[in-house]
Every structure is written in C-alpha cells, then in structure tokens.
Amino acid sequence: DTGVSQNPRHKITKRGQNVTFRCDPISEHNRLYWYRQTLGQGPEFLTYFQNEAQLEKSRLLSDRFSAERPKGSFSTLEIQRTEQGDSAMYLCASSPRSSTEAFFGQGTRLTVV
Amino acid sequence: KQEVTQIPAALSVPEGENLVLNCSFTDSAIYNLQWFRQDPGKGLTSLLLIQSSQREQTSGRLNASLDKSSGRSTLYIAASQPGDSATYLCAVRPDQGAQKLVFGQGTRLTINP
Chain A
3 DTGVSQNPRH
13 KITKRGQNVT
23 FRCDPISEHN
33 RLYWYRQTLG
43 QGPEFLTYFQ
53 NEAQLEKSRL
63 LSDRFSAERP
73 KGSFSTLEIQ
83 RTEQGDSAMY
93 LCASSPRSST
103 EAFFGQGTRL
113 TVV
Chain B
7 KQEVTQIPAA
17 LSVPEGENLV
27 LNCSFTDSAI
37 YNLQWFRQDP
47 GKGLTSLLLI
57 QSSQREQTSG
67 RLNASLDKSS
77 GRSTLYIAAS
87 QPGDSATYLC
97 AVRPDQGAQK
107 LVFGQGTRLT
117 INP
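If you read the protein sequences in the order shown, they are chains A and B.
Residues 3 to 115 in our numbering are what the first sequence lists, from first letter to last.
Residues 7 to 119 in our numbering are what the second sequence lists, from first letter to last.
For the record, the hints were derived by calculation from the structure and aren't laboratory data.
Ideal placement from N, C-alpha and C gives every residue a C-beta, glycine not left out.
Careful: at least some of the hints might be erroneous.
[Claimed, not checked] To be clear about the criterion: a stretch of chain B counts as covered by chain A if any three or more of its residues have a C-beta under 8 Å from a C-beta of chain A, and this derived list gives those stretches:
no.	region
1	36 to 43
2	46 to 57
3	87 to 100
4	103 to 113
Sequences are here, hints too, so could you generate the full structure?
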C-alpha cells in the first residue's frame, strides 16, 4: 500500500473554470477527509465521509464546492466557477476503522489565474 | 470554539541541538492530539498521536508530551539533523465524536549544518 494518493498534484486554471480533484484513500480506510491549506497556515477542514456518506461539511464549503465518494472508495472534490481565492493546497486524508489517526496525501496545488 | 496556536512561527538552530516546539489549545476537552511534519509543497506526514489519557509518546528521536489541563503539548527533537528541517504542525481532535482536526499554523524549523 502506497498511502493516500491525490491527483493531479498541480492544477492551473483560469478564473470561472470548473476543476475536479481525485483522492484514493488507503485501502480499507472507511473514513475520508478533505482539507484546504493556504500559504503559511494550517489546514482547514472542509468535509468528511464515512464510507459513501458525507456526514459533515464545513461552512467553508460554499455551494460552488461539491464532494462525492461513490461506493465508499475514492473521492472527488469539484469546484465550480473557480475564483482567485480558491487558490490553495487541497489535502485529502483517511483513517481506518480502528483508529482516529489521520494519514494525509501529497495534496493538489490549485492556482487560479 | 477550539483554537490551536504554535509559537514560534519559525525557528533556526545549529545541527546537533536538542529543541522543543510548542503547541497550545484553548479548550482542554480534547480526544487526542497529533503532530505532523510537512515538507515544502508536500502533504503531511504523521509523526505522533497522543490520546487524551496519555502523557507522552516517543518515536525515535521524537518525544511528544501532552498536558491537557493546561492546554499544552510539546514536541521534543533530540540531536537535530538538517533533514529535520520542515514545518511542524500540531492538530487536536475536539472529542471522540468529532471527525475534523483543528490545526495550528505550524512552526517552520531550519536546522543549519
């Protein structure tokens, strides 16, 4: 197992375009999280899935953001009509059933120009 | 609302020194605390997880302590090496039912050869 995998690693997009990121958690981890990190700050929680159910969403997750986890495996995070303020590192993490320890991926760096 | 603070924001020390990184949190009712390392432009690597009932955890040259009553945790790094240069983040899980981690802003550590 190679850990949490995120794709793409980098994405540059023009303002107003839609983007989608993918996260593959560690196999058999039933919990999956998305965080956003801006330069010089710690990550901020966006949303949480247990299996395929999205159980918690932050108020940071505006209506332009949507996340899914079909079949409780990989997850996608879509941002519609991107704005320059969406530029950040988007981090995915997963946890096993037996522990609350979070394991993070390498992140997707989004730049909106 | 739980807030996590890490001071200093940046620290530079000569190779070989022992050092302590600090983390404080405003609400002592936490479930656990996790220390992470983040290299520039990369994701987070979990270093140590301390449950609320524990006082410390050790891994190699790293030792993390937790004093819940005073809302503090420290990460002790022994015999620092240039490869330890990174940003160190602490994060608390507010309670057993909470799924999100609340992060500090990190301490950027530089070990000078």
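Could you tell me which of the hints above the structure violates, numbers in ascending order?
none
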